[in-house]
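Student: Protein chains in written order, with my numbering: chain A, 1 to 245; chain B, 1001 to 1084; chain C, 2001 to 2264.
Calculated from the structure, these hints are not laboratory results. Please read these numbers as outputs of a predicted model, since none were measured by experiment. Treat the hints with care, since some could be wrong.
[Said to hold, decoys possible] Using 16 angstroms as the maximum straight-line C-alpha spacing, the simulated EDC-like pairs for lysine to aspartate or glutamate come out as follows:
| no. | chain 1 | residue 1 | chain 2 | residue 2 |
| --- | --- | --- | --- | --- |
| 1 | C | Lys2217 | B | Glu1058 |
| 2 | A | Lys32 | A | Glu42 |
| 3 | C | Lys2217 | B | Glu1047 |
| 4 | A | Lys32 | A | Asp95 |
[What the hints assert, rightly or not] Covered stretches of chain B (in silico footprint by chain C; criterion: 3 or more residues with CB under 8 angstroms from a CB of chain C, positions within the stretch not fixed):
| no. | segment |
| --- | --- |
| 5 | 1019-1028 |
| 6 | 1031-1042 |
| 7 | 1053-1059 |
Built from N, CA and C at the ideal position, the CB exists for glycine as well.
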Amino acid sequence: MSGVHAPPRAPQTVRPARPPRLWPTVRALLRKELLVELRTLESVPGMSLFAVATFVLFHFALNRSSVEGDLAAGILWVTLLFAAILGVNRLFVADAEQGGFDGFLLAPVDRSAMFVSKVLTLLAFLVVLELVAVPAFALLLLGSPLPPALPGLLATLALGDVGVAVIGTLVAAMAVRTRARDLLGPLLALPLFVPIVIGGARATSPLLVAVHPGTPAIRWLLTLGLYDLLFGLIAYALFDFLLED
Amino acid sequence: MLAAALAEVPALPLHTAGKYVAGAYIVLFALVLIYVAIMAIRLSRIERDLGELLSMSENAAPDGAPPSTAHAGSQDPERESAPA
Amino acid sequence: MERTRPIVYGKGLRPLSIATVVAMAVSLSLVFFYAPLEAEQGFLQKIFYLHVPLAIVALCGFVLGGLLAIQHLRTRDPRWDMRSYVVIHMSLIFAVGTLITGSIWAKGSWGHWWVWSEPTLVSFLIVFLLYATYQPLRFAIEDPERQSRYASVFAITAGAFVPMNFIAVRLSTAYLHPRVLGSTSNLPGPMALTFVVSLAAISLLFATLCKYELTAKHTRAQIRALRRRLAGESAAAPPRARSAAPSLQHVTAMSARATGSSAP
């Protein structure tokens, strides 16, 4: 049998390397973001302190020791939003300054992973912010008991947080590589936050009443949910266009 | 419903309301006229540019060579600040 | 064989302007000589025929700017970005007009220059605040390609925001006061006709002004290109000052490719 080649093996099909699927990439990125935040503590402590300081300011500005209803809901939501903007401003700064964008673009991963991971990061920051700010608010300014209001409040905050996270991420990505990034970010974000404030404050205000607290109207929760969904989709679709360079 | 609305919204008598209506239409008129003025400025600038370009092309045509860039550069209206 | 017929934005500008003049004249005549006086507000109500069409056209303009931006992101043709920029710019001016006329109307009706109970006015204030950042955003990005891309992302986001904002604001004011200023439902015949004609006139005005603006920008770009050509290929193109407007650097005087239709 010498001189005769063995039958050739079936050619190994070379499958093109598929980029890793979305979730593992997101998990990896999220882990990185949270680790960085835990080590540097850049955003969350600042945001929380800012919120508490703002409550103190409101006490002096409004000359009141306790607030209820519409006033309480308004103070809470506006303070949370301004504190969120602090986090939004810092969201992409490290990536822009230290080449994180380029590194990510070179990696063979689904580009949407950056969007999802940043949204989840901002969402995590907001949750921690609220863990500090809401009890502080109840302690310092709120004139009605907090525990009965908690379920409705948490639901509304959850919906609002998603919207703030989505819009904040999109706006942060737009603003970070411009010249006036600290100014443009808030300017872009605040009008986009208005429907979230409308839904959130209107839903929360019947909860923060001492006598006969109500429940958040479904209409406002639906508004928030719809807004989150719509802008979640839009931001997801548009984010890639901001990354390419 | 009408009575309730009437009670809330005092209708202005004609001679006072006329001023507001006129004011609103004047605003529109003014906006359009401001735009016309801006366009007029642009048009005169375009005319000036075209005159320069015509003279540049006449300079270029006789000897077939482009005119000196210094001449062209110094008249460039696009430069809004002095060249560095 | 490529066609090298240059794009002419100004084509059709004359019939469009004539149509605008005619429509505006007819609409003004209808407003002041034909439409009946309204029972509640009397003569003041005539502002309605100016304020509401301005509002509708501005809103549609903002949404249109978003749609044009989608086209830009899809085709990467800078011309779409130019159209989006012009439309948004013009809509912003019309939005300012809406706010001013609405404020005048509020002063006449309620005695205050601003009322929170009128959802159209409030929504417009928010939309104005948002689109007022469009120009600064563009100006803050120097690289023209990135500027156009980011501006398109903004235009699409903001264009989607406009209807959501209207819904949200209208929901929030629904229980405060009955709407007095801007109701367009249940208009009697003559008023409805006057309103439709006014809407057509303002729309034509918008289209004419946009076309006018595009023609002017395109002419400027062609002059720049001609200047570059006459200064000779060896001359370095003089650096364009930083600007927020999209550049039409692809335009050259002679070889602009036709896309099969002459501009918008």
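Student: Check each numbered hint against the structure and report the violated ones by number, ascending.
Tutor: As far as the earlier hints go, only 1 is violated by this structure.
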